[in-house]
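J.: In case you want the letters, here they are:
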Amino acid sequence: AQSVTQPDIHITVSEGASLELRCNYSYGATPYLFWYVQSPGQGLQLLLKYFSGDTLVQGIKGFEAEFKRSQSSFNLRKPSVHWSDAAEYFCAVGGGDYKLSFGAGTTVTVRA
Amino acid sequence: DGGITQSPKYLFRKEGQNVTLSCEQNLNHDAMYWYRQDPGQGLRLIYYSHIVNDFQKGDIAEGYSVSREKKESFPLTVTSAQKNPTAFYLCASRTGILNTEAFFGQGTRLTVV
Numbered sequence: 001a002q003s004v005t006q007p008d009i010h011i012t013v014s015e016g017a018s019l020e021l022r023c024n025y026s027y028g029a030t031p032y033l034f035w036y037v038q039s040p041g042q043g044l045q046l047l048l049k050y051f052s053g054d055t056l057v058q059g060i061k062g063f064e065a066e067f068k069r070s071q072s073s074f075n076l077r078k079p080s081v082h083w084s085d086a087a088e089y090f091c092a093v094g095g096g097d098y099k100l101s102f103g104a105g106t107t108v109t110v111r112a
Numbered sequence: 113d114g115g116i117t118q119s120p121k122y123l124f125r126k127e128g129q130n131v132t133l134s135c136e137q138n139l140n141h142d143a144m145y146w147y148r149q150d151p152g153q154g155l156r157l158i159y160y161s162h163i164v165n166d167f168q169k170g171d172i173a174e175g176y177s178v179s180r181e182k183k184e185s186f187p188l189t190v191t192s193a194q195k196n197p198t199a200f201y202l203c204a205s206r207t208g209i210l211n212t213e214a215f216f217g218q219g220t221r222l223t224v225v
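From first to last, the protein sequence lines stand for chains A and B.
According to my numbering, the first sequence is numbered sequentially starting from 1.
According to my numbering, the second sequence is numbered sequentially starting from 113.
Simulated from the structure, these hints should not be mistaken for laboratory data.
Glycine included, every Cβ here is placed at the ideal spot set by N, Cα and C.
Heads up, a few of these hints could be off.
Chain B side only, calculated, beta carbon under 8 Å to chain A, not exhaustive [what the hints assert, rightly or not]:
#	residue
1	Ala143
2	Tyr145
3	Gly152
4	Gln153
5	Leu155
6	Leu157
7	Tyr160
8	His162
9	Ala193
10	Leu210
11	Asn211
12	Glu213
13	Ala214
14	Phe216
15	Gln218
So that you can see chain A by itself, here it is in the shape it has in the complex (with noise of 0.2 Å):
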């Protein structure tokens, strides 16, 4: 069965500064990862995607992430947090039967 697990449920860091947000997933093969970003009052927008390739993946707002396969983890980071990037964050796996499962969220508070 596949799972995410974002083991940070809220995170606080100054404006400007470096933000990593962990996720760990369970799948049996070559998962399929993703990054979404949820702000208040708004829907859900993809941040970046990971196939297959280069383990390092950019993405939209500043974000990237890294694939490590011996770690099941596929970390986000930004290296200059803005106030604007205050939001739920969420990573999901999606495997060969279509199925696509979220994590349960680290909701990000930006202090000035």
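Here the structure of chain A is known, so what remains is to put chain B in place on it, guided by the hints.
T.: Just chain B, lined up with the frame of chain A:
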């Protein structure tokens, strides 16, 4: 404009009544999904379908039912058997290619009183 339409945005029902949430997409996507979002629990998969007339249970299918009679439509019925139906429900769709992302509707907030 192409997209996913969920209706209504807010829905109120009395306990014990079945209620159907609508999800329509005009993106020509093969796969469609229903998720339930509760604070602190993320998005939990209820049902999904990757082809007309076929669908699979997700992780929390008990108390819910779906149909997929048309490619563009994937209605979700919340039955009286669902113990805690008050929640925010999200519908999503994506193409038949597995490495593509899902696109989401704006959601329906269901309140059962």
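J.: Run every hint past the structure and note whether it holds.
T.: Results of checking the hints against the structure:
1. Ala143: It holds, given that the least Cβ distance between Ala143 (chain B) and chain A is near 5 Å, below 8 Å.
2. Tyr145: 6 Å, holds
3. Gly152: Cβ of Gly152 (chain B) sits 7 Å from chain A, so the hint holds.
4. Gln153: This hint holds: Gln153 (chain B) lies near chain A, its Cβ roughly 6 Å from the closest one there, short of 8 Å.
5. Leu155: 4 Å, holds
6. Leu157: 6 Å, holds
7. Tyr160: 6 Å, holds
8. His162: 4 Å, holds
9. Ala193: It is violated, given that the least Cβ distance between Ala193 (chain B) and chain A is near 23 Å, above 8 Å.
10. Leu210: This hint holds: Leu210 (chain B) lies near chain A, its Cβ roughly 6 Å from the closest one there, short of 8 Å.
11. Asn211: 4 Å, holds
12. Glu213: 5 Å, holds
13. Ala214: 6 Å, holds
14. Phe216: 5 Å, holds
15. Gln218: The hint holds - Gln218 (chain B) has a Cβ within 8 Å of chain A, the shortest such distance being about 6 Å.
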